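Going down the list, the sequences are from chains A and B.
In terms of numbering that gives the first Met the number 0, the first sequence is residues 0 to 264.
In terms of numbering that gives the first Met the number 0, the second sequence is residues 0 to 324.
Hints in this document: simulated from the structure, not taken from any laboratory.
Because the structure is a prediction, the values reported are computed rather than measured.
Keep in mind that a hint or two might mislead.
Example chain A residues on the side facing chain B (calculated, C-beta under 8 Å, incomplete) [said to hold, decoys possible]:
| no. | residue |
| --- | --- |
| 1 | Asp15 |
| 2 | Tyr34 |
| 3 | Ala87 |
| 4 | Asp123 |
| 5 | Gly164 |
| 6 | Phe181 |
| 7 | Gly182 |
| 8 | Tyr188 |
| 9 | Leu191 |
| 10 | Trp215 |
| 11 | Ser230 |
Built from N, CA and C at the ideal position, the CB exists for glycine as well.
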Amino acid sequence: MPLNLVVCLKQIPNPDLQFQIAPDGKDIRRDALNYKLNGADEYALEEAVRLKEKNGGRVVAVTLGPKRTEQMLREALAKGADEAVRIAWDDPAAFDAGKNARLLAAAVRTLPHDLVLTGVQSDDYVNSATGGLVAGILGLAHASVVTRVAVQGSRVEVACELEGGLQRVYTLPLPALLSIQFGANTPRYAPLPAIMKAARQPIKELGPAALGLSNWEAVPLPYAFGIRGLSPPTAKGHAEMIAGSVEEQAKRFAQVLREKGFVRR
Amino acid sequence: MAGGVLIVAEHLERRIAPSTLELIATARPLSRALGDERNARIAVLGHGVREIASHLAGYTLDVLLLDHPALAEYTGDGYVQALRGTVESTKPRVILVAHTSQGYDFAPALAGTMDLPLVTNCLAVDLEGDRLVATRRLLNEKVQAQVEIRSDRPIVVTMRPGAVKAMGPARGMMTVTEVPVTLDPSSIRETFVRLERPQVQDIDLSTADIIVSAGRGIQKKENLALVEEFAKAIGGVVGASRPLTDMDWLPKTRQVGQSGKTVRPKLYVACGISGAMQHVAGMKDAGLIVAINTDPTAPIFEVAHVGFIADALKLLPATLKELKA
Ligand SMILES: Cc1cc2nc3c(=O)[nH]c(=O)nc-3n(C[C@H](O)[C@H](O)[C@H](O)COP(=O)(O)OP(=O)(O)OC[C@H]3O[C@@H](n4cnc5c(N)ncnc54)[C@H](O)[C@@H]3O)c2cc1C
Ligand SMILES: Nc1ncnc2c1ncn2[C@@H]1O[C@H](COP(=O)(O)O)[C@@H](O)[C@H]1O
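Starting from the given sequences, assemble the full structure and let the hints guide the process.
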């Protein structure tokens with residue numbers, strides 16, 4: 000059975016960077032960041048493309064984010080997505096997972112969908128909330144932290160990871176939403192011709208009207224959300240930090256190992 | 000008694016998840032802030048789990064037991080449908096769920112289905128008047144955020160495991176109230192098939208005294224040889240962060256963390272590991288933690304006892320040389 004697949008992709012600042020807080024304390028400084036596709040979403044995208052290759056069908060990549068996300072969407076097209084959709088709400092921070100999920104759900108509603116895939120978490124905000132929220136809002140069967148997916152007719156079998164390496168296996172009926180875990184597959188690289196082609200492909204933009212809203216602030220929410228402030232984390236730790244040249248550090252390291260009795264001499 | 004705090008217990012194979020006891024500790028000051036320290040309940044969903052309910056009653060919380068054959072195994076639909084009635088009748092101000100794999104599934108599904116506010120992965124929560132203030136960590140633990148939510152609906156909160164200290168049982172026992180569960184089993188769409196366990200071959204990391212773990216910072220599979228050589232020199236074994244086992248650089252048995260092994264060696268050396276919460280969950284109780292990382296803001300330095308801001312690929316060989324000298 001050909002599948003209508005929708006995969007939700009988020010563009011995040013590279014988390015290996017160091018971050019500064021903006022003067023108003025409500026966001027990080029975003030002027031000098033480089034952005035990339037969220038880690039878990041690479042696996043979600045790969046899973047969607049593999050499901051298409053196996054079962055036939057189409058993959059639509061959806062994101063919510065500013066214009067800069069087009070680069071990520073083109074990468075998704077080059078890796079096998081057939082269509083790219085951007086919910087054109089340009090808030091660079093978009094901290095409220097509940098609002099994001101309601102916008103994503105509204106967009107998914109406009110697309111045919113047998114399977115909706117998300118990542119297990121966004122590495123910038125680590126909510127692990129968006130997939131489950133979208134499922135709840137749309138009334139889709141769902142499974143989280145999925146490491147294995149097999150479509151069997153009108154059902155899908157999934158393995159869901161628990162703590163300590165345990166997995167629970169379920170089957171669920173389509174349409175369903177799955178949040179995909181790191182390592183579920185081996186993501187591919189985009190071949191050069193596909194990258195060239197994706198550069199010319201159109202990206203569909205959804206404005207508020209397309210989602211049934213008068214404006215971006217008109218999303219009905221059962222709460223009011225606010226950012227009180229961002230700060231550098233209050234250091235819990237008191238590690239002895241060892242600076243110096245590598246040789247000096249090595250001397251100290253060896254000394255620590257000797258002092259604590261891990262090596263004899 | 001309406002309002003207050005409702006905790007959702009987590010259990011597997013008749014064992015209570017340790018995170019549930021942490022939720023009890025989180026609930027206490029919240030219910031106090033709401034004006035009645037005793038106005039907190041804990042819901043146990045399952046089948047044949049009265050023993051778990053009775054045990055939890057020893058923490059002097061009212062226990063609601065929601066027993067139904069269709070709840071014998073966790074399913075998102077089953078749990079959401081079963082708890083819905085309890086949420087509607089007890090109208091809690093806050094619903095506490097652990098930020099575990101099951102919590103990732105259940106908390107947002109409940110919030111999405113019942114149109115409730117949700118804030119996840121919190122280190123701390125507080126109530127200030129009509130606001131719930133949550134402390135979270137963003138961007139690889141490098142930024143702390145305080146967010147606030149105002150709502151007249153129950154607010155679903157997930158707490159990061161290990162963020163607060165678990166509570167021991169108190170004196171006295173509270174009651175276990177069996178709550179009738181209205182549940183149509185045919186409307187539960189997820190069908191549980193089986194529980195799979197990791198096969199244990201290879202070495203058992205959890206018994207090792209010295210573990211030298213490699214993370215993505217070692218950059219290339221070939222560099223594992225260096226980590227192995229170092230581990231051998233100090234009588235240890237090699238562990239890893241998840242990306243390395245995902246990429247098959249090492250077998251899954253070597254993975255330390257939430258979804259891998261929990262270890263408690265005398266010495267843990269983290270080489271090129273950022274210190275994501277899921278990794279730290281598996282090694283934070285090691286006797287001596289040494290971290291080597293090029294990024295001075297890496298969160299691994301928060302749990303380390305000794306930290307080297309260094310290129311592991313340079314510091315390990317240099318230290319080997321020192322040890323041989
Ligand atoms: C449900 C779930 C369960 C998970 N379970 C686990 C688990 O059990 N175990 C686990 O580990 N992860 C787990 N993860 C993944 C976790 O979130 C992180 O993605 C992972 O721990 C990151 O691994 P890392 O530190 O090796 O890589 P990164 O986060 O990429 O960090 C690499 C680090 O190396 C440093 N570095 C770079 N070059 C060098 C160098 N030359 N020398 C020294 N340092 C260098 C960088 O500064 C960086 O800090 C889980 C995730 C989820 C969602
Ligand atoms: N702005 C967004 N655009 C598209 N997908 C998103 C967005 N935010 C979150 N997601 C999806 O939801 C998953 C979980 O994110 P989170 O709930 O923030 O941890 C991500 O891996 C993405 O698949």
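Cross-check of the supplied hints:
Interface hint status for Asp15/A: upheld, as the beta-carbon distance to the closest one in chain B is roughly 7 Å, under 8 Å. Restraint check, Tyr34/A versus chain B: the minimum CB separation of about 12 Å is more than 8 Å; hint violated. Checking Ala87/A against chain B by beta carbon gives a least distance of about 23 Å; that is not within 8 Å, so the hint is violated. For Asp123/A, the interface hint holds, since its Cβ comes within 8 Å of a Cβ in chain B; the closest pair sits about 5 Å apart.
Hint status for Gly164/A: holds, given a least beta-carbon distance of 4 Å to chain B, under 8 Å. Interface restraint check for Phe181/A: the shortest CB-CB distance to chain B comes to about 6 Å, inside 8 Å, so the restraint holds. For Gly182/A, the shortest C-beta to C-beta distance to chain B is roughly 3 Å, which falls under 8 Å, so the interface hint holds. Contact between Tyr188/A and chain B, as hinted, is not supported at the beta carbon level, the nearest pair being about 14 Å apart and thus beyond 8 Å.
Against a cut-off of 8 Å between C-beta atoms, the interface hint on Leu191/A is violated, since the closest Cβ of chain B lies about 24 Å away. For the restraint placing Trp215/A at the interface with chain B, the shortest Cβ-Cβ distance is roughly 19 Å, beyond the 8 Å limit, so the hint is violated. Given the 8 Å rule on beta carbons, the hint for Ser230/A holds: about 5 Å separates it from the nearest Cβ of chain B.
Of the hints listed earlier, those the structure fails to meet are numbers 2, 3, 8, 9, 10, in rising order.
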